[in-house]
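The residues making up each chain are set out below.
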Amino acid sequence: MLTKEENEYITRVGPGTPMGNLFRHYWMPALLSHELPEPDGAPVQVRILGEDLVAYRDSGGQVGLLGEFCPHRKASLFLGRNEEHGLRCVYHGWKFDTTGACTDMPNEPAESNFRDKIRHTAYPCRDAGGVVWAWMGPRDRMPELPQFEWTLVPDTHRTVSKLYQANNWLQGVEGGIDSSHVSFLHSSRQSGAQGPTRTFGVGGLFSSTDTAPKFSLLETDYGFLIGASRTTNVQDLSYWRLTPFMLPFYTVIPGRISSGEQVYSGHAWVPIDDYSTWMVTYSWHPAEPIAQQRVHPAHYVPRDPATFKPLANRSNWYGLDRQMQKTENYTGIANGSDQDRAVQETMGPIVDRTTEHLGTSDTAVIAARRTLIRQAHDLESGREPAPAWNPAAFRLRSLSCELPAAYTIEQANTAFQARQPSPIA
Amino acid sequence: MLTKEENEYITRVGPGTPMGNLFRHYWMPALLSHELPEPDGAPVQVRILGEDLVAYRDSGGQVGLLGEFCPHRKASLFLGRNEEHGLRCVYHGWKFDTTGACTDMPNEPAESNFRDKIRHTAYPCRDAGGVVWAWMGPRDRMPELPQFEWTLVPDTHRTVSKLYQANNWLQGVEGGIDSSHVSFLHSSRQSGAQGPTRTFGVGGLFSSTDTAPKFSLLETDYGFLIGASRTTNVQDLSYWRLTPFMLPFYTVIPGRISSGEQVYSGHAWVPIDDYSTWMVTYSWHPAEPIAQQRVHPAHYVPRDPATFKPLANRSNWYGLDRQMQKTENYTGIANGSDQDRAVQETMGPIVDRTTEHLGTSDTAVIAARRTLIRQAHDLESGREPAPAWNPAAFRLRSLSCELPAAYTIEQANTAFQARQPSPIA
Amino acid sequence: MLTKEENEYITRVGPGTPMGNLFRHYWMPALLSHELPEPDGAPVQVRILGEDLVAYRDSGGQVGLLGEFCPHRKASLFLGRNEEHGLRCVYHGWKFDTTGACTDMPNEPAESNFRDKIRHTAYPCRDAGGVVWAWMGPRDRMPELPQFEWTLVPDTHRTVSKLYQANNWLQGVEGGIDSSHVSFLHSSRQSGAQGPTRTFGVGGLFSSTDTAPKFSLLETDYGFLIGASRTTNVQDLSYWRLTPFMLPFYTVIPGRISSGEQVYSGHAWVPIDDYSTWMVTYSWHPAEPIAQQRVHPAHYVPRDPATFKPLANRSNWYGLDRQMQKTENYTGIANGSDQDRAVQETMGPIVDRTTEHLGTSDTAVIAARRTLIRQAHDLESGREPAPAWNPAAFRLRSLSCELPAAYTIEQANTAFQARQPSPIA
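Chains as they are written, first to last, in this note's numbering: chain A, 9 to 433; chain B, 9 to 433; chain C, 9 to 433.
Some clues are possibly wrong.
Sample of chain B residues facing chain C (criterion: CB under 10 angstroms; computed from the structure) [stated by the list, open to error]: (1) Arg134; (2) Phe192; (3) Leu193; (4) Lys222; (5) Ser224; (6) Leu328; (7) Gln352.
FYI, nobody ran anything at the bench for these hints, they're computed from the structure. Just so it is clear, the structure is predicted and the values come from calculations on it, not from any experiment. Every residue, glycine too, gets a C-beta built ideally from N, C-alpha and C.
Isolated chain A (complex conformation):
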């Protein structure tokens, strides 16, 4: 449970807010690289952290991310002409490069130096892993990009997509780090009262029907490691899911290794503003091209190609089929990603956390809130978030495996570490 003030503090990310300031000390996945497929192509409207922006790929292939409204008389630069190393406003021809410098001002006398006085909002951008990353923080405090493994593998080994979600980013994060809901929301059970038909385990040797996992956490240099252990059909052996929560909003879901493959997936919940979110989903194989059928269901959610809004949404109750709910699965909603979005969106744009009741299954949720609030407090006191300056810390996979029931999270972390890729040479 949070107080009303805490809930405001943690959820609001607009310019000038404490949490917004914290987010601006991390690189933001602003849009997909293929939304700007070619130099001098059509600009794209981008809204991130409550700021209206326009992205364009300039003649040299560099992405610019400018304030949407021209500093002259505030016409939308989305209407603009992307040409010859700059984006030009169609109202009076002012032109801006990716640094925000005004490089042409043809409606003022040639002798005027007014042009030199104009500096437009512009955020540095980099393409990596199929994503355009933006730095919206202080220009003199810009770290390297986080070294997510999915951004480092060849394009063939990775799938990235995004979906619009009509709620605050934190509801996405809280669902993403909540291993407990998997036994219910994503279950194929046909009755809620009996044990889950969703069982866990590798290779069919062991299995778990435990619906009340034990949670344990380990604070780390990227955020924290979440351990969720479930009893199995073998005494003294537990089924562990070890997943990193990377600040400020990244997860990795355990990969499938039983069939000899190692495909991982994860999400970032990037705030469009306080009431809507891009759920970015990444799937990758560290060493091989990935078959489409092996990746996360979020990639398959039907969506409007122009807006990335899913066709199953609040207006049609996510296609909820009460007959399916009685006879096929737990929710009556077919796609696993739609199931998540259904519960997260229908809580309301910003869920009222003053009346919730958290149990032991919410251990990771509570820790994520504490960590985020602490970092924002630290930043208010002048202490920058350390993870942002440790790009190598983000190069993480996840792990699901059987381990002794008596293991602590520190012991489990040893297995987790062994799964990680070797450091970049």
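On the provided structure of chain A, position chains B and C as indicated by the hints.
Relative to the frame of chain A, chains B and C by itself:
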């Protein structure tokens, strides 16, 4: 005319408002019984008095009415599984019975007693007269259901339906108790300047073309009795319409007895919230099955079957046909119930009563406001509304008949009383 | 740049605001005459200066403009019956004439004098130039209609139309008096970097490719005269565009005289409310019937005939075609009037003028703001706007021509004056 403060006081019915508190001391018609046709069927979203709720019919046929959002992490219980005597949240499997008790919490350790600490919002419900009635007031001050005759007759003798209306409930009530508008809004006149072609009278022996009825009121134990008398073509004989206003929002329209039948109709205006209303319409014959063609036009208004929103609405100006208005009836709108809704909705969601000008024809409107405000004031001073504790007082029909022009409302009330059903044995 | 307070002061025109009071001292173009084609025809909803009104043409052909909501119980008079010299409310039959007097009140006793106490909001109206003009100011301070030439020529010599625009009126005005944007927004250039392919000049003898016109202003009795001069291919000769800004929101665009014709056009930006505007466009020939193909592109913008909302709008980004933008014209939007609306609407409903950067090309914009604010201030101090009392001052054409480069605005004004029609006899 009301002051701005009075208009706020009387119209607002959300949790914690004085008028909302008053309404919560009366049983509320929350939804139609056939919206929950079978045990363990699909739940229904219900919004009443500004509260978001979900209704379901449990395995035993009992209706539960719960707060929409699960007390754990606030997922919508409308997504939930209705099974085995409870409604189960699909996020983590928590299950609630109709009393709001948490009867299962499968994501917490078996030894946990966290479940016993959870008590969810739940309002007692009863099926009666084709309606699910909800008690949203203090649990220790719950009277019996009001004994409306239409809730006591066999199902064959009754028709009940509901329509969504996009305005505050009070605009509905004020239209319902305003006999004066019948001569205009519902007239078949083709010119507004001439006398009404809508005449009144029984059996054609007498008739009235009087458009300015005289109003007289009698305070009663259910609210008040409204007498509207019109001169007729017979000297010293008046045409009286005697209709009860039953607190907090019920009317009965005079039945047709001339043809040997006694079919009555009436409305309840149940606040969805301050800006929208369910108009519930009930029609009944005390002793016989009713022919569909004899009941109120509101039952025939075409509506979306899922939302009960009428197809004729503000967006299409209720199908207003200016040619029909010139040559066929007063409004150019065909259905009498659409005519009422047209004037009530287009005043705005909450009409500005600070600039109105009330005349003698608004006697009942003024009295209803005074009565409601007085009862809300009384409740603020700790005095509960007496009518809520007198269920038998609501068992009322209405009456239209010829009576001596010199009659007082007290004398007319004798005729009105003679029309009423005998008390329940 | 304006302060936040100044921006609020200048843009808000609702009842009681300083700028709203100023506007109410000028006649308002409220709707097109042909929206009320015949006596006793269908009424029309009108919203002007933030007020909800209903217009009707009475049995004698006189237009009435009444408050939309009946003073009795606030039913919408748009539902009303227009008949026999008045508009009659369908709720209870109250009837109003064009002066706001209640001429019939059939639901009150014949002996009642309640009717005499009712006086409904009613604004005097006049048909002129295909437009219904409304006086919304003090009744005892009502000047004559402004003598715009387009309102005085025969109907055959004039075209008037209107378009809905989803932004504050001032953004329209600022675009209309900003000659500088013509070289860009309306250019047929296929590259923003090179000189404009939109050239200026009369008869092809002279031409100008100057994109940075010099602005000079002359304060006048109607507002001010705007001079924009551009260098030409002939030394010491400039291309001048001389256009009047007439208070509070009128422009005239230079006519085409090279081909022997004199067709003028202009706009009025009439506030519907603070967030939406009627752009009224008028085109006329002083002496001859005008050919449709000679008039302004705004007349040809496809629109919904019931609402006057353009089909090209924010929801479809004005049909912006990026291929057309690369190969055919500057914006990728085909219609010149859509180009203007695109930049004006996408700034937001009320543009944030606290962060703009005005240059020398914005001279007229700055002057218009100063003039409007000064007049509103004067009115707050009890000084009425002088132009409103000088109807003859509005009888203006505009002029584009070559003049010596050394001319001052005063010298140019001599040429401008010579273009004007002779005073009314």
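Ascending list of hint numbers which this structure does not respect: 1 and 5
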